[in-house]
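**Student:** So you can see what is in the structure, the chains are spelled out below.
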Amino acid sequence: MTLPTVPSVPSVPSTAAGIAAGVRGGELRAADVVEHHLAAIAAREPEIHAFNLVMADQARAAAAAIDARVAAGEDVGPLAGVPVALKDNMCTQGVPTTCSSRILDGWRPPYDATVVSRLAGAGAVVIGKTNLDEFAMGSSTENSGFGPTRNPHDTTRVPGGSSGGSAAAVAAGFSPVSLGSDTGGSIRQPAALCGVVGVKPTYGYVSRYGLIAFASSLDQIGPFATTVHDAALVLDAIGGHDPHDSTSIPEPHSPLVDVLDRGVEGLRVGRITDLPEGADPDVAERLEAAFDALRDAGATVVDVQVPAFGYALTAYYLIAPAEASSNLARFDGVRFGLRVDAPDTNSMYSATRAAGFGAEVKRRIMLGTYALSAGYYDAYYGRALKVRRLIHDDFARAYMHADVLLTPTSPTVAFPFGAKGDNPLAMYLCDLYTIPTNLAGHPGMSVPFGTGADGLPVGVQVLAGTLDEATMFRVGAALERAALGPKGAA
Amino acid sequence: MDVSDRISTADVVKVAKLARLDLTSQEIETMTVQLDGMLEHFADMDALDLSHVASMTQPYPLRNVLRDDVVQPSLDRDEVLAVAPRVEDGRFHVPPIIGLDS
Numbered sequence: 001m002t003l004p005t006v007p008s009v010p011s012v013p014s015t016a017a018g019i020a021a022g023v024r025g026g027e028l029r030a031a032d033v034v035e036h037h038l039a040a041i042a043a044r045e046p047e048i049h050a051f052n053l054v055m056a057d058q059a060r061a062a063a064a065a066i067d068a069r070v071a072a073g074e075d076v077g078p079l080a081g082v083p084v085a086l087k088d089n090m091c092t093q094g095v096p097t098t099c100s101s102r103i104l105d106g107w108r109p110p111y112d113a114t115v116v117s118r119l120a121g122a123g124a125v126v127i128g129k130t131n132l133d134e135f136a137m138g139s140s141t142e143n144s145g146f147g148p149t150r151n152p153h154d155t156t157r158v159p160g161g162s163s164g165g166s167a168a169a170v171a172a173g174f175s176p177v178s179l180g181s182d183t184g185g186s187i188r189q190p191a192a193l194c195g196v197v198g199v200k201p202t203y204g205y206v207s208r209y210g211l212i213a214f215a216s217s218l219d220q221i222g223p224f225a226t227t228v229h230d231a232a233l234v235l236d237a238i239g240g241h242d243p244h245d246s247t248s249i250p251e252p253h254s255p256l257v258d259v260l261d262r263g264v265e266g267l268r269v270g271r272i273t274d275l276p277e278g279a280d281p282d283v284a285e286r287l288e289a290a291f292d293a294l295r296d297a298g299a300t301v302v303d304v305q306v307p308a309f310g311y312a313l314t315a316y317y318l319i320a321p322a323e324a325s326s327n328l329a330r331f332d333g334v335r336f337g338l339r340v341d342a343p344d345t346n347s348m349y350s351a352t353r354a355a356g357f358g359a360e361v362k363r364r365i366m367l368g369t370y371a372l373s374a375g376y377y378d379a380y381y382g383r384a385l386k387v388r389r390l391i392h393d394d395f396a397r398a399y400m401h402a403d404v405l406l407t408p409t410s411p412t413v414a415f416p417f418g419a420k421g422d423n424p425l426a427m428y429l430c431d432l433y434t435i436p437t438n439l440a441g442h443p444g445m446s447v448p449f450g451t452g453a454d455g456l457p458v459g460v461q462v463l464a465g466t467l468d469e470a471t472m473f474r475v476g477a478a479l480e481r482a483a484l485g486p487k488g489a490a
Numbered sequence: 001m002d003v004s005d006r007i008s009t010a011d012v013v014k015v016a017k018l019a020r021l022d023l024t025s026q027e028i029e030t031m032t033v034q035l036d037g038m039l040e041h042f043a044d045m046d047a048l049d050l051s052h053v054a055s056m057t058q059p060y061p062l063r064n065v066l067r068d069d070v071v072q073p074s075l076d077r078d079e080v081l082a083v084a085p086r087v088e089d090g091r092f093h094v095p096p097i098i099g100l101d102s
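Heads up: the protein sequence lines correspond to chains A and B, in order.
For the first sequence, the UniProt record's numbering begins at 1 and goes up steadily by one.
For the second sequence, the UniProt record's numbering begins at 1 and goes up steadily by one.
Treat the hints as calculated values from the structure; they're not laboratory data.
Each computed DMTMM-like pair below joins lysine to aspartate or glutamate, with the alpha-carbon atoms no more than 20 Å apart:
#  : chain 1 : residue 1 : chain 2 : residue 2
1  : B       : K14       : B       : D36
2  : A       : K420      : B       : D36
3  : A       : K386      : B       : D49
4  : B       : K14       : B       : E29
5  : A       : K420      : A       : D454
6  : B       : K17       : A       : D341
7  : A       : K386      : B       : D44
8  : B       : K14       : A       : E360
9  : B       : K17       : A       : E360
10 : B       : K17       : A       : D344
11 : B       : K14       : A       : D378
12 : B       : K17       : B       : E29
13 : A       : K386      : B       : D46
14 : A       : K420      : B       : E27
15 : A       : K386      : B       : E40
16 : A       : K420      : B       : E40
Isolated chain A, as found in the complex (with noise of 0.2 Å):
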């Protein structure tokens, strides 16, 4: 990975969990590395444009506060002075937030999400805004309605999407960590394409309040980071339950940080031999890698089954465009954002949302709204519902017989801007691979494990069942000491 080169002040740890350390013991102070992240961010972003804001100010006094806590002896926190960039989707309290759309441009949220406060309250400082595909809807970055982010590792290309943003700027250290949203792959295929670790939880893990919806049934937050570590750390300060959201598990999570070293001796890592074709040679070949090295650390691949994983797709692409016409009719001109003036409400309505949403939201909207319009709702909504119930217990019955299981994350690593042309099919396959997790509502996450083809980086994603992230992060924690190791990345 390329990192910039930037004047430095007193050496800042490249990890959360470095600079958390240091800040807590006093050996760092949160405003040098306040300073250090904004002065990477200039030297680069320019070329990247990771950010639709980058709030140095705030970051500043965030900072400052954090080193004058520290300095009356207090406790701030286990992410103490440690930058984090927020996918553009999340409420900012008095901060705009546009979810990359020009439908919110300037809006500002009266409240903060409710993973921000916990971010703040475990010391972290927020450091920026990042880009997004326009309301989370793609793989690229390319339908940012502010322009595409360009992949730290190869500005020709895509970062991935539709957390471009907090993928690219973790990839090119502006930020060790960032969070994004993961509906049906969002974290995890940017994650693979820039090198980093992604990570979806189980559906619940963290309060969406104050994420703006796409797909409710879908949609859950996660950290991108440098580290298995960092990702643990970050998810750990996120997670739990949150009376705005009653959809969040009531129960408690155990601390991810403290599995990390358990090893995977004894797990059973399934293999998906149904799994659909379309990973490219080079994917495979670092899959089938991933497998040996887990294999040599003392796991057992076996073999598993998931008939209904092909379906996937087309189940997703129903079930989240119909969640999306209905939570995206909020978007009417009448209590925040953009109004297009008309004579009477209908004809606002419908001018304010064809300015106002991109092409990309457009077509999503306009195939929910099919999918769900009288004569077709049985033939394409129900039929989808049934199709991720066979989906969901498909998985059941494997993590029956396997503890988790591996796959490619993307198909392919990073693509050339315009690769996908005008065929919105062609892009909706990029998630291939990611979609059935979120449909089943299963965690799951991917880890850089070396590179493909043009020397680009390829992701393995590790999928386990419903609230058995420990087990994930232990092959997880796993897959990174191989890659980092000597038969690891190539």
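Fit chain B to the given chain A structure using the hints.
**Tutor:** Only chain B this time, still in chain A's reference frame:
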């Protein structure tokens, strides 16, 4: 219409009205072709026998979520109205809803 009988431009016009989206005639044409391509792909699930499968609308069984009936702070009215496109007398302002042929 040079696409299949899965979806017509008339269908797309109707759906756009339901979705409250003003689409240009060019957008209608493009959307018809693209939606048709997607529906063609979605036909793969026609191969599945779903007659005895229950729907799954979300990952967990539905349950009532209750809380104590205690007054909590809510969003400040002035702050909410301050970010609205148009307000009048402490309320959101919208154009006429009735009395016009829409």
